[in-house]
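J.: For reference, the chains in residue letters:
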Amino acid sequence: MKEVAFGQYYPVDSFIHRLDPRLKLVFLIAFITAIFIASNFWGLGACVLVLAAIIVFSRVPLGKVLRSVRAIAFLVLFTAVINLLFYAGETVYFQWGILVVTKEGILFSVFLVIRLLLLVICSSMLTYTTTPVALTDGIESLLTPLKWIRFPVHALALIMSIALRMIPTLMEEAERIQNAQKARGADFESGNIFRRIKAIVPILIPLLLSAFRRADELGDAMEARCYMGGKMRTKYKKLKFSWRDGLSLFVCVLLITAVVLLRIYLGDVI
Amino acid sequence: MRIVAEHLSYTYNPNTPFAAAALKDVSLCIEEGEFFGIIGHTGSGKSTFIQHLNGLIRLPSSMKKYRERKPKRGEQLLPRPTLRVGSYDLSEKTTDFRALRKSVGMVFQYPEHQLFGETVKEDVAFGLKNFAEKGKELSKEVETSAVREAIEAVGLNYGEVAEKSPFDLSGGQKRRVAIAGVIVSRPEILVLDEPAAGLDPLGKKEIMELLHRLHKTWCKTVIIVSHDMDEIAENCTMSALFAEGTVKYCLSPRELFQKAEELFALGLDIPLVAKLCRALDERGIHIDCDYTAADFVKKILALKRGEGRA
Amino acid sequence: MYALEFKDVSFSYGEGGFRIPKLNFTVKEGEFVAILGHNGSGKSTLARLANGILAPDRGTVSVFGAPVDEKHLYEVRRQVGVVFQNPDNQTVASIVEDDVAFGAENVGTPREEIGRRIDFALSAVGMQAHRLSAVSRLSGGQKQRVAIAGVLALKPRIMILDESTAMLDPRGRREIMEVAKRLNQEEGMTIVVITHFPEEALLADRALVMNRGELVMQGAPKEIFTRHEELITYNLELPRIGRIEKSLHEGGMPVKSTLNIEELVNEIAGELTCGS
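Residue numbers (the numbering used here), protein chains in the order written: chain A, 2 to 271; chain B, 411 to 720; chain C, 178 to 453.
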């Protein structure tokens with residue numbers, strides 16, 4: 002049976018894996034804020050240092066981490082080139098028409114590239130080290146205060162949870178249907194874009210029908226188990242803070258402070 | 411078309427923590443004309459194996475980017491996996507996989523869930539159109555007559571169902587339409603993954619009868635994957651037992667089900683008739699039958715009449 | 178008071194659709210009942226009527242004396258657990274224990290109690306070892322056992338298995354029926370098995386046969402399976418072993434209808450020795 006490797010979760014046991022998902026979400030937000038507060042290479046350096054520590058402690062192989070960058074390699078390159086060629090700096094190294102390469106341009110595009118890489122890598126570290134289920138629990142828990150403004154936190158969490166549960170099933174099904182149509186000579190790989198879109202119809206229709214059928218049956222099964230919305234519902238799982246989380250929170254505060262101080266005392270990148 | 415597999419291995423999600431070996435050095439030969447049964451638990455590798463037969467899973471050596479590996483000094487390379495289906499060598503890059511798929515029809519589990527056409531006619535014609543030679547459109551008459559033959563071959567009334575939406579049919583009828591959609595391209599080998607799953611006993615019986623009809627008239631070889639030992643004993647001429655990614659036995663049902671202890675050890679069952687024979691054996695009554703109910707009854711009645719007793 | 182009572186129940190899925198004209202039957206507390214019928218005989222509508230997912234057009238369905246209506250719906254659903262057919266379409270959570278907890282959470286069970294119920298339910302179905310497994314990686318039979326556990330966590334008094342074995346392999350089927358039998362014998366739970374496998378009906382104390390929305394036969398399973406001609410008219414088959422007995426009979430060996438391997442073998446051995 003094919004295991005559908007869903008999401009990017011990298012299943013090892015590590016310090017980072019064991020952190021409370023809420024903390025990891027807060028940490029991610031704080032880290033991203035820090036990246037944007039950082040206005041010079043020293044600030045970014047502090048971020049790089051913290052991220053490097055996270056990677057080491059997460060026991061996710063470096064190759065795997067760098068793979069997450071591959072998806073946005075083009076974007077990074079594009080940003081770098083545009084800034085390199087159009088940034089209006091003072092120390093001109095090279096000029097051709099409207100294109101200028103300046104010292105400031107080089108520095109700035111290097112700065113941007115590091116910033117982008119930090120952003121992507123830190124986000125994927127979250128998904129590498131946190132199961133989708135834990136992530137959902139974390140989001141639900143963090144959103145709980147919104148219940149006060151009648152935001153349907155519970156319904157949202159249930160939707161996410163069911164989606165996560167169903168994704169592997171539907172992926173398997175999509176593959177099975179695709180194989181069945183391939184066995185009947187369907188060709189999904191050749192032809193122009195219109196042909197390819199048309200070729201997907203024999204997969205899409207059965208998949209949609211099955212999704213509706215499943216939703217219908219799941220609804221019955223949930224009702225049969227006394228589901229009546231979020232009223233009077235209790236929750237079995239409680240997230241717990243541990244010393245690891247305390248320590249990480251401390252690192253988080255430290256990083257923000259450092260980045261702010263570095264910004265104030267060392268000024269901007271250029 | 412004869413199927414000869416040698417040293418097939420396959421791993422899902424290689425080089426990840428989810429890596430799972432589905433086939434380990436499988437060699438198996440399926441002769442033309444058999445009604446072949448493939449047995450095994452979920453995860454035994456049987457589904458992976460049958461998906462090789464029409465190239466849904468490709469041998470590494472048939473892939474474009476495949477390069478022969480030179481053995482390091484002192485290293486013994488594993489024997490090269492090969493798979494031949496008739497004249498098709500599936501380990502070659504030059505194999506025409508489209509033509510292969512036309513010759514090896516494959517019906518997946520719950521095939522009725524793969525229907526999509528607006529009408530039964532249209533759904534059945536899907537494979538026919540796909541397999542038509544490039545550049546040559548099928549004439550409407552040829553198409554209609556082929557579709558009609560396929561629908562009638564699965565025991566449905568063409569006039570009654572052709573214009574209907576497949577989704578308005580009963581469960582059993584839908585499954586027949588799905589099978590028609592595969593046999594319409596006249597495959598020589600028909601592979602079915604649990605063709606009777608989810609049907610009631612009568613539906614099961616009808617589907618198996620249908621497959622026997624197709625076996626005699628339509629497809630030379632029929633291969634079924636089944637969990638039901640009685641189904642294997644009643645219908646198959648040969649069978650292969652998969653366990654943990656390997657072929658443990660490739661025997662006729664008559665020989666296979668004599669190995670009751672071995673099957674029990676693998677967590678598998680034996681057919682009811684085999685159980686009866688075993689229990690009779692313990693009482694000193696030896697019945698030499700092929701484990702079909704009909705043969706069992708015949709042999710018992712013969713004994714009763716005093717024939718064939720030692 | 179009956180555990181489950183259908184009184185003059187009629188139901189239809191709209192004009193021209195499937196119809197139950199008038200249905201009367203009862204299930205006693207602690208009973209193990211099988212409802213047999215071919216596909217489309219209406220047997221699955223029963224499960225949905227029994228816990229109020231569908232409402233009858235006329236007549237009443239009651240559970241332990243309480244009518245299944247808007248007012249008692251919640252109470253009824255706590256008493257009647259239903260396990261459905263498709264093992265993939267019944268779980269809401271990705272992890273086994275979270276899914277088992279779902280029902281208990283819905284009725285506001287305190288946290289510690291939910292933990293205890295998960296322990297109880299998973300051990301009742303023999304799935305303790307998979308408590309933290311991902312549901313999507315289990316076999317069909319295991320998924321169905323998790324579905325049963327999810328129902329057990331609500332502590333129901335009746336459990337209806339609505340064709341819960343139809344999509345499973347023989348091993349999965351056996352596992353589910355063993356669990357049902359055990360719950361009936363050890364916990365005294367009332368069990369209703371809706372099935373098209375005659376072999377499964379043999380495990381029950383009593384079997385009901387449905388055809389076109391009507392109850393057409395009723396009695397001890399062994400007794401029902403002696404009426405072969407009648408069963409055929411309802412598109413039903415004998416269990417395999419029954420068919421062998423029948424062929425032997427027709428071939429001139431008058432074995433009794435036993436529907437049991439050991440007993441049949443004794444019958445055959447007896448016939449053969451007295452014949453020689």
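Be aware that one or more of the hints could be misleading.
Unchecked claim - One-sided excerpt, in silico: chain B residues whose CB lies under 10 Å from chain C:
no., residue
1, Glu442
2, His451
3, Asp679
4, Leu690
5, Arg715
Read the hints as simulated data drawn from the structure, not as lab findings. All values reported here derive from a predicted model rather than from experimental measurement. All C-beta atoms, glycine included, are put in the ideal place defined by N, C-alpha and C.
J.: Would you mind marking each hint as holding or not holding in the structure?
T.: How the hints compare with the structure:
no.: 1; hint: Glu442; in the structure: violated (29 Å)
no.: 2; hint: His451; in the structure: holds (7 Å)
no.: 3; hint: Asp679; in the structure: holds (6 Å)
no.: 4; hint: Leu690; in the structure: holds (6 Å)
no.: 5; hint: Arg715; in the structure: holds (8 Å)
In this structure, only the earlier hint numbered 1 is contradicted, and the remaining ones agree with it.
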